[in-house]
Amino acid sequence: MSTRTVHKLYWDFEKEERWLNEMAARGLNLVRYRWGTYTLEQGTPGEWTYRIELLPEVARHPDSVKYLDFMADAGVETIATYLRWVYFRKRAAEGPFELYSDTDSRIAHYTRVMTMYGALTAALTASTASGLHSVTSNGLNFFSAPLFAVQIAILVAFATYTLRVALRVRSLKTQKQLFE
Amino acid sequence: MIPETQGPLTETVFYVLLALHAPLHGYGVMQFVDEISGGRVNLGAGTLYGALNTLVEKGWIEPVEGDTGDRKKEYVITDAGRRSVGVELNRLEELLRNGNRIARKGQQ
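Chains as they are written, first to last, in the numbering used here: chain A, 1 to 180; chain B, 1 to 108.
If you are wondering where the hints come from, they were derived from the structure by calculation, not from laboratory data. Each hint should be verified, as a subset may be incorrect.
As the list claims (entries may be wrong) - Okay, derived cross-link-like pairs now, DSS-like style, lysine-lysine, Cα gap no bigger than 25 Å in a straight line:
| # | chain 1 | residue 1 | chain 2 | residue 2 |
| --- | --- | --- | --- | --- |
| 1 | A | Lys90 | A | Lys66 |
| 2 | B | Lys72 | A | Lys90 |
| 3 | A | Lys66 | B | Lys105 |
| 4 | B | Lys72 | B | Lys58 |
| 5 | A | Lys176 | B | Lys58 |
| 6 | A | Lys66 | B | Lys73 |
| 7 | B | Lys73 | B | Lys58 |
| 8 | A | Lys90 | B | Lys73 |
Given only the sequences and the hints, what does the whole structure look like? Please build it.
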């Protein structure tokens with residue numbers, strides 16, 4: 001079967017999920033993911049629904065293994081794992097595929113995502129601050145300038161995303177005062 | 001006598017407890033709930049997994065012992081689980097009674 005590889009980097013897992021489902025709607029199904037490289041296999045359009053989840057533990061952890069077994073029993077295939085991230089798919093013919101159907105579990109998942117990106121943002125801030133220190137003492141040069149610019153761009157992107165997820169958690173918590 | 005009280009059960013917990021009046025595995029619970037709710041409630045697999053673990057910890061459901069040759073784990077409701085469903089049904093009946101009496105006054 002014909003496959004194609006796509007190189008892409010997402011930090012917003014919901015955008016990534018939307019893209020995977022758009023591809024699947026055209027019959028380009030994710031069969032492998034590794035380090036920003038997506039392998040898509042040509043198949044039947046609309047056959048699969050994809051979902052991405054951030055687990056509480058890395059994929060090899062016994063708790064995660066138990067969860068992935070449970071998913072397999074429920075007809076959910078694990079396509080790829082990457083640190084704590086999992087890429088799932090289920091046949092669309094078997095009905096709608098959602099990981100979360102209540103507000104509490106949605107809040108728990110977004111909180112995990114927020115905590116992870118919050119930690120990454122903090123680490124990047126520390127490293128950018130030390131970078132800034134070396135720039136002020138040594139000045140920018142041909143090599144350091146682009147690297148520094150990229151680092152700041154990533155920091156801004158992560159910080160913005162962390163904030164967006166935090167707002168999402170807050171709005172879900174407000175909603176919980178009215179609905180389950 | 002003041003009736004036994006507990007916090008309201010979530011819709012997920014209530015339907016999972018109903019489903020497990022007969023032994024079922026996770027996927028069976030999803031199908032059962034989808035069916036008796038007329039397709040309104042589609043339990044998310046992750047949500048269901050969390051609910052099953054919490055209910056086992058609480059002792060309201062338990063894994064079915066004995067090897068059926070099927071590696072899928074089945075669960076069934078316990079006496080404690082049945083009691084919680086009973087308390088919840090009393091609460092729901094009260095809501096329904098009061099709701100009908102006040103909000104649907106004269107419509108029946």
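Hints, verified against the model:
no. : hint                 : result
1   : Lys90(A) - Lys66(A)  : holds (18 Å)
2   : Lys72(B) - Lys90(A)  : holds (18 Å)
3   : Lys66(A) - Lys105(B) : violated (51 Å)
4   : Lys72(B) - Lys58(B)  : holds (21 Å)
5   : Lys176(A) - Lys58(B) : holds (23 Å)
6   : Lys66(A) - Lys73(B)  : holds (11 Å)
7   : Lys73(B) - Lys58(B)  : holds (18 Å)
8   : Lys90(A) - Lys73(B)  : holds (20 Å)
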